[in-house]
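**Student:** Each chain, letter by letter, is given below.
There are 2 protein chains.
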Amino acid sequence: MSAAAPTDSAGSTDAAHSMDGASLPREGRLRAVIENLTPCVDGGRFAAKRTLGDEVAVQADVFADGHDALCALLLYRHEGEEHWQRTPMRSLGNDRWQASFRVARLGLWHYRVEGWVDALETWRIDLLKKQAAGQELGIDLARGAQLAEAAAARARINHAADDAALLQHWARSLDDAASPLEERLQRSQDAALHALARTHPPPEALARSALLALMVERERARYSTWYEMFPRSAALSREAHGSFADCEQLLPYVAQMGFDVLYLPPIHPIGHAERRGPNNRPVAAAGDPGSPWAIGAAEGGHKSIHPQLGSLEDFRRLLARAAQLNLELALDIAFQCSPDHPYVREHPEWFLKRPDGSIQYAENPPKKYQDIYPFDFGCSDWRELWLELASIFEFWVDQGVRIFRVDNPHTKPFALWEWLIARVRRRCPEAVFLAEAFTRPKVMYRLAKLGFSQSYTYFAWRNGSQELRAYFEELRTPPVSDFFRPNLWPNTPDILTEYLQFGGRAAFMVRLVLAATLGASYGIYGPPFELMEHQARDPGSEEYLDSEKYQIRCWNRERPDSLRDFIALLNRIRRDNPALHSDEGLRFHAIDNPALIAYSKRSIDGTDRILMIVNLDPHHAQSGWVSLEGALPQGPSAGAGAGAGAGDGDGADAAGAFQAHDLLSGARFLWKGERNYVALDPATSPAHILRIRRRIRSERDFDYYL
Amino acid sequence: MSAAAPTDSAGSTDAAHSMDGASLPREGRLRAVIENLTPCVDGGRFAAKRTLGDEVAVQADVFADGHDALCALLLYRHEGEEHWQRTPMRSLGNDRWQASFRVARLGLWHYRVEGWVDALETWRIDLLKKQAAGQELGIDLARGAQLAEAAAARARINHAADDAALLQHWARSLDDAASPLEERLQRSQDAALHALARTHPPPEALARSALLALMVERERARYSTWYEMFPRSAALSREAHGSFADCEQLLPYVAQMGFDVLYLPPIHPIGHAERRGPNNRPVAAAGDPGSPWAIGAAEGGHKSIHPQLGSLEDFRRLLARAAQLNLELALDIAFQCSPDHPYVREHPEWFLKRPDGSIQYAENPPKKYQDIYPFDFGCSDWRELWLELASIFEFWVDQGVRIFRVDNPHTKPFALWEWLIARVRRRCPEAVFLAEAFTRPKVMYRLAKLGFSQSYTYFAWRNGSQELRAYFEELRTPPVSDFFRPNLWPNTPDILTEYLQFGGRAAFMVRLVLAATLGASYGIYGPPFELMEHQARDPGSEEYLDSEKYQIRCWNRERPDSLRDFIALLNRIRRDNPALHSDEGLRFHAIDNPALIAYSKRSIDGTDRILMIVNLDPHHAQSGWVSLEGALPQGPSAGAGAGAGAGDGDGADAAGAFQAHDLLSGARFLWKGERNYVALDPATSPAHILRIRRRIRSERDFDYYL
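Taken in sequence, the protein lines are chains A and B.
Just so you know, we're using the numbering used here here: the first sequence kicks off at 1 and counts up by one.
Just so you know, we're using the numbering used here here: the second sequence kicks off at 1001 and counts up by one.
For reference, chain A alone in the conformation it holds in the complex (with noise of 0.2 angstroms):
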């Protein structure tokens, strides 16, 4: 087979025709062609997606000339493996074929398909046509022996003389004519021998297509829950610094709300020239803590801890502490330097100068931003660069580190992005990478291409119905859905929404509601968050007052009207419902009014369904009618063979009565049919979330999906 299949090339064979009719192609005998292979990304220039023990499902339009038999097979390896997997692929009918594979192992994946003509199959086939209409048989049964010689003769090729002689006894028993007819055409319908023919191919029929690869990452990197948090700020008093030390008191308090991932802003030195005051002021008062974002000091750089922080040796244990908490920590890897950074010093050819010797520093005409200097990526000492960049990540993996917040991503080079994140990968292909980019669609989008696990998204300024379903229907449609994984923040250190700056304690509530249930990954910047912190910095500003990037703040986390409890709520909702744990399975439903928005999310299996019922208007109570059409679960009653089976609602259930439980306030309603009334009044709850539990016929029990 290998002999048939030289499987080291990636090329399309049938890309490679020439299109000049100058010369003859390489074979011509060539006849199935492979088109529209999926999952495919750019056309197989970026890999696809996919987490740790999923079915991945591949599909393509096989098909040749005329009416032949086809074979089509799915080959698939992990680049660590140095053969290939076949598994045969089945038709979908109008020439898509399909079969799937599940990736059990981190890193990188390649699939292709081959497609041939199937000469023997082509033969059975009509030879029972030809059986039914009552045909003379005897000259097909020797064309069947020819076939099955030359797949013998193929097998011989191959060094597979078992093989070989199995097929080449077959051809015998075709042909013999002492034998009865009847039971020469019971070999020629021999499934077995069939199948084993097809493992060898004829090469020069032989159709393949390109290769594409497929990026498998853990659980985390497709459903995780983000709690962001300044260290400095851990103190319990607002005289003290915060350190790693305060962090881990704090630990219970993170794990219980449900968090799994523990975000830090930059844990580096901060520099002190040029360095901003609370609230940006351009000039710090002396004690002013800066803003971390500002990284580099005379006590060290990316690889080096503030000192007020605590040790490296103080930074492991909190991380060991956190993960006894099913906590992980994620850093703020920021690519750039305060004037103070020892790379300034070491490595001035890192950095544009100035026609007048200065550094330049950064800028966004008018404005000027004279505590940061930039990298330039345009300079003749690239290569170097970019190893010492890498270098970074490559010492936090090593001190534990397994997720990271990428900073701007953005204004760094694509190409920096792609081999870096390649790099960091092969030395520890848990690392999950989340870009930090607010900014263009496509280049948010690139950056995902690339290799980044999770992105941030435009989620916290989308607050109509329209929108909101417009945006997220774009996210969960492949191409987009099979590389861009969205992390929902309905706010962050930078972003204070005028929606949560005017919309109350409801709109808190709102905002963390569809973050959590529309995102299999959200987070949240908090104590601002749970604390309902709305006081912007100016009017028309997104920007927090006393915001903690320039001054360190102590916070009552034991305020009665905390919304903690709601959050580890809401947390809890979604570990207990694999439908949230994926975006695959979101669908939106018609709701007769456009302040209330409705969608469901259906677990990969379909047993798992969560209905999702939000008023989107924090200030009234809002009425409306839902359709349910697709999230009506199935009975047992129900035939599996129904289309519904596959919950695509085609209404089966809709006359039957079903119980609509809230897992947020614990009330059951009995609604019936497609189209129920739902109320929402914000200042009690703003949202349903709802398990649909489908009602036995008879009236006498309940019968509960769990």
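Worth double-checking, as some hints may not be accurate.
[Unchecked claim] Taking lysine to any residue pairs in the SDA-like style, the calculated list, with each CA pair at most 20 angstroms apart, reads:
{"#": "1", "chain 1": "B", "residue 1": "Lys1129", "chain 2": "A", "residue 2": "Glu363"}
{"#": "2", "chain 1": "A", "residue 1": "Lys442", "chain 2": "B", "residue 2": "Gln1659"}
{"#": "3", "chain 1": "A", "residue 1": "Lys367", "chain 2": "B", "residue 2": "Ile1139"}
{"#": "4", "chain 1": "B", "residue 1": "Lys1442", "chain 2": "A", "residue 2": "Asp68"}
{"#": "5", "chain 1": "B", "residue 1": "Lys1353", "chain 2": "A", "residue 2": "Arg29"}
The hints are simulated quantities; they were obtained by calculation from the structure and are not laboratory data.
No experiment lies behind these values; they were computed from the predicted model shown.
Once you've looked at the hints, dock chain B against the given chain A.
**Tutor:** For chain B alone, coordinates are given in the frame of chain A:
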């Protein structure tokens, strides 16, 4: 420049990036990326199609990290040209860029996009912002001098001494502290010098897309009107076998109906062995002429002419006479042989031998077609076979034939056609190929992609408004519209649809109007069509009774009820209205009666607008309200600035009154607003073909679009 952008490579610089983090990319300073280049068929595997004189609009996403200014160029050239033409692309917003070029030469063109971060342009823009903010600019001007200096250096490398001198002088003048700031600022904005600098982009920063191909054919490939006719039925008395001389007599009949392609079924000698009789009876009586598709006899094969039709001389004369009437002859090329074909004797190796030594006839089990021997494209002598088959086209090209209708191309290898069509086009760029494939959708699309100019479609079986709309919206949407040019046939010698069998005269008129207006190319099989033949051979069959495929027919072409005048009128309307010369401007309109269908076509320049409304029910009068959004033209009063200027109907004119002038009946309806009432009685005319003539608001006089 050529040094900066070697044009021999077809690979995209972008796609060349290594994806394993092991090795650094060749060039890390390449920041711009190019994505989603259009037109593009299967990622560039196939050429997109255009026709001579077209303005080809190319678009691409071109962007980079950060916010620097970008420059994007479109490069294009005919395969026969050595040097690339370059034209700057303009930004459409959202990182989408566009430029266009006119294809004034037949054959294969290539195009690609180049893009890079334009440091000088970035600097120019920033300078303006800083100036507006009243910042000190000395250092920035010096920086600009450095950038101009670098551009001068690149010009030198590109052996452009004059450019270098100009840029050098520019650099000095920017840095010249002696001259007043005002002056230096003015120089910084010098458009000509910036443009000059852009012609010498930094090679290390130049991103290059893959090379894409475009096949440019003559207008008839896009816009053609076909009439199919059996020459052997051209005689005026039943007794005689028609000849090319008889055909000459019929040319005016065909030309007067307004056709520009006269298509003849195979004109070659017909086999005697296994010849079929009338109505496909298995055995022919003496004198039965047999099927023209049973090609080959003692007199010759695919390069010979059936003696009773005449000589090669006669054929060439027919060709010339037809040309005088602006009629082109299309030949039917069917790659199959009768048992009497010379190939069978001379090249038995091209046919499949059965175990009993006989040659395998065509089969579709349990059906047998003993009168047809298919070629064995799997034979080891496939190269010789291919070259001979190509020589058949070349032979007829040398006789002056420029249009070929290819019989059942879907039962021959795709690779054969891709090679053969390219080869014939190389010899004769005017050659047009129509694929007679009625098979699975993806097979039909594949044939179009690999080079067929036009394709038969499912039109004959699409009778309802929804299925017609769905099908033609699929065909008119890229990428399908970039490679698939539909040719619509209401009937063929193989297809007498149920709709025509039982719909009466109105049915023929309906299908004719649909074909002639939905498709820029359409054809009919006559005289059966204009004489409304509707007798099927058997109930449920689509075969004509007494089909010309198996016998000679004598037609009374002067029958008073003939549709010839209606056909002539339709084809005149087609010729007079550029909107009907292409399928680009096709758009469907809502109408509240499913028995009616409404669609409009616009000429590319938007000046010609035609609205079709057809009653699909041949038995009853139907009426309804049609919505004309997008179909209403703008009057001189409406500024070109208005979005509706592009004809996308923002309803600017919706309030106004206008005329709907029926080009079929001559009737003029005074309509008002976007919704108007229509009623169509199949007993009189089942369709409107309306030119929308806008009325000026002043009630006094009319101003018509011409």
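**Student:** Next, verify each hint and record whether it holds.
**Tutor:** Results for each hint:
1. In summary, the hint linking Lys1129 (chain B) to Glu363 (chain A) is supported, as the alpha carbons are separated by about 11 angstroms, within the 20 angstroms threshold.
2. Of the supplied pair hints, the one linking Lys442 (chain A) and Gln1659 (chain B) is violated, its CA atoms being roughly 45 angstroms apart against a limit of 20 angstroms.
3. Note on Lys367 (chain A) and Ile1139 (chain B): the hinted pairing holds, with a Cα-Cα distance of about 16 angstroms set against a maximum of 20 angstroms.
4. At roughly 15 angstroms between alpha-carbon atoms, Lys1442 (chain B) and Asp68 (chain A) fall within 20 angstroms of each other, so this suggested pair holds.
5. Annotation: proposed proximity of Lys1353 (chain B) to Arg29 (chain A) holds, straight-line Cα distance about 17 angstroms (limit 20 angstroms).
Hint 2 alone, counting from the list given before, is not met by this structure.
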